[in-house]
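Participant: Listed below are the residues making up each chain.
There are 2 protein chains.
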Amino acid sequence: MAKEITPREKDYSQWYNDLVIKAGLADYSAVRGCMVIKPYGFAIWERMRDALDQMFKDTGHSNAYFPLFIPKSFFSKEASHVDGFAKECAVVTHYRLKNGENGEIIVDPEAKLEEELIVRPTSETIIWNTYKDWIQSYRDLPLLINQWANVVRWEMRTRLFLRTTEFLWQEGHTAHATAEEAVEETRKMLDVYAHFAETWMGVPVIKGVKTTNERFAGAVDTYCIEALMQDGKALQAGTSHFLGQNFAKAFDVQFAGQDGQRDYVWATSWGVSTRLMGALVMAHSDDDGLILPPKLAPIQAIIVPIYKGEESIAILREAGEKIKKELEAVGIRVKFDADDKYRPGYKFADSELKGIPVRIALGMRDLENGTVEVARRDTKEKETLQTTDLAIKITHLLEQIQTNIYQKALDFRASMTHKADSWEEFEQLLDEKGGFIAAHWDGTGETEQLIKEKTKATIRCIPLNNAEEVGNCILTGKPSKQRVLFARAY
Amino acid sequence: MAKEITPREKDYSQWYNDLVIKAGLADYSAVRGCMVIKPYGFAIWERMRDALDQMFKDTGHSNAYFPLFIPKSFFSKEASHVDGFAKECAVVTHYRLKNGENGEIIVDPEAKLEEELIVRPTSETIIWNTYKDWIQSYRDLPLLINQWANVVRWEMRTRLFLRTTEFLWQEGHTAHATAEEAVEETRKMLDVYAHFAETWMGVPVIKGVKTTNERFAGAVDTYCIEALMQDGKALQAGTSHFLGQNFAKAFDVQFAGQDGQRDYVWATSWGVSTRLMGALVMAHSDDDGLILPPKLAPIQAIIVPIYKGEESIAILREAGEKIKKELEAVGIRVKFDADDKYRPGYKFADSELKGIPVRIALGMRDLENGTVEVARRDTKEKETLQTTDLAIKITHLLEQIQTNIYQKALDFRASMTHKADSWEEFEQLLDEKGGFIAAHWDGTGETEQLIKEKTKATIRCIPLNNAEEVGNCILTGKPSKQRVLFARAY
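Those protein sequence lines, which keep their order, are chains A and B.
Read in the working numbering, the first sequence has 450 at position 450, and its numbers run on one by one without any break.
Read in the working numbering, the second sequence has 175 at position 175, and its numbers run on one by one without any break.
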């Protein structure tokens with residue numbers, strides 16, 4: 001394992017790619033824009049998925065599964081939806097291959113579909129077409145369903161985890177009797193996402209609402225959580241949409257209320273994806289490798305024996321296995337790296353690359369003294385600990401690391417959030433510091449677009465519970481009643 | 001909820017469809033051959049998936065994720081593989097839609113792919129193309145990877161769960177240094193499948209090896225587990241393939257051995273799918289609904305209060321909640337159906353339809369006597385139980401039900417397995433009894449094919465550890481050294 005990770009200072013973007021590949025999270029595939037999620041990366045994703053899935057179930061949602069393919073005509077039914085997704089769709093047109101004249105494999109022209117099928121970029125249309133059969137009266141509401149699935153959006157410029165043609169995600173699709181209930185659901189799931197990002201991933205997020213320009217295609221309101229990466233760029237980590245009655249009208253989904261009146265159903269949808277893996281890497285890691293929050297780390301502690309001579313091997317193996325069992329008994333995920341082919345230095349570097357939160361080194365001298373050397377990945381601090389109650393000490397250490405990672409990211413964000421009160425200040429902040437910039441904006445899509453063209457900065461969101469404050473748009477000088485959050489973003 | 005399930009005697013096939021739909025397991029979708037897995041069905045599948053996933057991890061496998069799309073040219077690389085799958089492939093040819101002249105949505109002819117992409121029907125080719133980069137030396141072996149994914153095979157005749165265009169499955173793909181190791185892996189995973197089918201699903205299976213005709217496209221040997229459904233038809237419930245060096249050669253995956261010699265890698269692949277849901281339904285259920293093994297039932301016990309008058313509602317709700325907590329405390333999955341809008345008779349029928357293993361009815365008289373009425377779904381027996389230690393009693397009852405369901409299916413299979421020693425006997429058994437028929441066969445693909453054409457019966461497998469026995473082929477009279485298992489099959 002040659003590390004050779006480009007330092008962040010030199011090229012942040014290359015550092016990210018190097019790290020994702022060298023740490024064994026993902027790799028490019030033979031299919032343009034698609035990635036392979038490798039076992040170590042998938043183990044982290046599984047932990048994310050399981051934690052989120054439990055939160056969805058705890059808030060009353062059930063999982064289901066809808067078809068991968070969507071008939072082309074379904075897309076046309078919700079006008080802004082098709083506009084949003086038509087340009088990046090994988091289209092299935094045939095259902096058979098055959099041998100060509102020269103023995104090569106060709107698509108059988110006889111096997112052309114009457115109606116083309118779109119590989120789902122998101123499932124609102126196929127799901128609302130199904131809900132039409134499931135919803136008749138208020139008794140069938142609310143309908144609270146989630147799906148874990150793969151989706152495809154034909155991206156021209158892709159990056160591992162952050163933007164790939166195929167990605168894994170979950171998409172919640174709920175149906176309600178009133179607009180109020182649907183909005184409440186939208187906000188509730190935003191809270192679930194924020195809670196997950198902060199307490200599991202250790203990534204502080206700002207909850208807000210998107211401007212019209214940045215809204216999901218087919219939504220009335222798009223709520224989002226926005227995170228800040230170490231290079232000062234923002235990353236949208238999750239969205240929750242209030243869809244109003246748009247899809248219910250497009251697919252004619254009505255229900256009879258308690259009073260017998262018929263009305264269209266109110267909808268939400270919400271999703272997070274494997275993009276979160278990118279956020280996790282970019283928020284915490286350093287030039288030596290990943291820094292994983294203990295709650296998501298597949299291995300929380302690694303025990304490395306420092307062999308000295310043949311006779312030490314059996315002794316240290318026994319001692320290492322004993323510590324492993326003690327830690328496992330309190331629920332810590334432990335690896336005992338007993339291999340005697342690699343040197344400790346190599347193992348140390350590898351455990352840093354993999355972001356294992358705690359490393360426990362155990363030598364013959366330690367054994368005599370009843371101690372171990374414990375190093376934490378986040379701060380790289382080392383300390384010598386008595387092995388008495390080691391499991392409790394490591395448990396506390398893991399909790400400290402989880403808290404510290406979050407606090408560090410929070411402090412970083414605070415240091416990278418500024419106010420700009422003039423165009424010059426805005427441009428200067430963007431170019432010299434990056435991060436979030438709270439600035440006044442005149443509320444028009446035209447100005448937002450113009451700012452984007454001039455600076456590549458977009459309005460990440462209008463934060464929830466935003467303070468009202470009279471001011472003037474940084475670009476047009478027109479009146480504004482609140483600041484919004486700008487940033488350059490992934 | 002009108003039940004209206006066609007009785008098995010009248011039309012077994014219709015009974016199955018009715019049951020799958022009425023019990024809320026799955027539904028047809030707007031996309032030809034694709035199904036929607038509904039929340040109740042998905043909850044059962046989730047339990048299957050989690051149990052299997054743990055078994056895979058316990059046997060040293062890691063999960064990963066590979067692309068949905070496979071470049072067309074990859075298929076051509078393993079000759080028998082493309083023959084096996086080319087006729088049923090969904091083919092992506094374009095990556096964009098646009099507005100047509102009349103405002104309709106059309107496929108953009110400008111956005112044609114240079115090389116068409118196949119929606120994976122199985123992932124050997126894309127995975128072995130990836131393994132080429134992952135495997136250099138014996139140190140990289142064995143490589144033990146599993147993927148949970150959706151796959152697409154363009155089936156002409158589809159049935160919910162049993163045969164659908166898109167289905168969910170897992171596919172294990174392992175790489176080994178020797179043929180022996182790979183065969184051992186193939187057999188180990190077959191054992192895992194058999195163990196899961198028998199101890200979790202309560203479905204007894206016969207482990208065996210497929211004939212050449214029935215072998216997976218690209219395999220050297222295909223092992224399988226075969227189950228028997230209540231109508232006497234067999235169902236292939238899982239397969240495990242020894243792939244030899246076929247895919248390693250097709251994708252040039254070589255490794256350097258400890259001696260420095262290079263050789264092609266040995267491979268296995270193995271999979272089970274949502275088809276298991278069909279097997280589960282057809283193996284146990286009756287005309288009143290599902291019969292679910294307790295280990296897989298999303299709800300293991302339902303408590304139904306028998307309200308009598310307004311004043312009983314609060315009292316029985318409190319008592320019901322108390323029982324619920326007691327049962328949950330020992331890990332039983334319980335639903336307390338406290339609703340006072342539906343009558344008990346309706347709730348009873350619904351819990352039978354859903355296959356909830358244990359029903360606990362609680363009335364005012366019971367409360368006075370410190371008893372409840374407990375009904376088991378599998379035998380429909382009822383008994384009055386003292387509520388003392390109820391959680392322990394229900395735990396035991398659930399274990400009994402799990403065992404009984406399996407034993408019943410095992411007895412049924414024994415009663416439906418016969419020997420045939422002549423063609424007349426063979427045809428008569430097939431038409432009058434169905435089930436498995438152990439008969440001599442001359443070992444040729446031609447005879448196997450002829451038998452299939454004449455009777456629709458196929459060789460399900462040559463059972464493992466099959467007894468040697470000299471005999472004559474039932475069709476050709478040619479010599480045979482063992483009986484093989486025939487059946488009509490799903």
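Hints are computed from structural coordinates only; laboratory data are not their basis.
Note that CB positions come from ideal geometry on N, CA and C, so glycine has one too.
Hints are not guaranteed to be accurate.
Across the chosen pairs, the derived CB separations fall in these ranges [to be verified]:
hint, chain 1, residue 1, chain 2, residue 2, range
1, A, Glu155, B, Gln14, 51 to 59 Å
2, A, Asp411, B, Lys341, 52 to 60 Å
3, B, Glu115, A, Arg262, 21 to 29 Å
4, A, Thr403, B, Gly100, 53 to 61 Å
Chain B is nowhere near these chain A residues, computed Cβ spacing over 12 Å in every case [unchecked claim]:
hint, residue
5, Asp133
6, Pro298
7, Glu432
8, Gly477
Participant: Hint by hint, say whether it matches the structure.
Facilitator: Going through the hints against the structure:
1. At roughly 46 Å, the beta carbons of A/Glu155 and B/Gln14 sit outside the given window of 51 to 59 Å.
2. About 54 Å separates the C-beta atoms of A/Asp411 and B/Lys341, a value consistent with the hinted range of 52 to 60 Å.
3. The supplied range of 21 to 29 Å is broken by B/Glu115 and A/Arg262, whose beta-carbon atoms lie about 50 Å from each other.
4. Checked against the hint of 53 to 61 Å, the pair A/Thr403 and B/Gly100 passes, with Cβ atoms roughly 57 Å apart.
5. Residue-level check failed: A/Asp133 sits 7 Å from the nearest beta carbon of chain B, not beyond 12 Å.
6. Distance to chain B contradicts A/Pro298 as a non-interface residue, since its nearest Cβ pair spans about 9 Å, not more than 12 Å.
7. At roughly 39 Å from the closest C-beta of chain B, the C-beta of A/Glu432 stays outside 12 Å, upholding its exclusion from the interface.
8. Even its closest Cβ contact with chain B, about 38 Å, leaves A/Gly477 beyond 12 Å, as expected for a residue assigned away from the interface.
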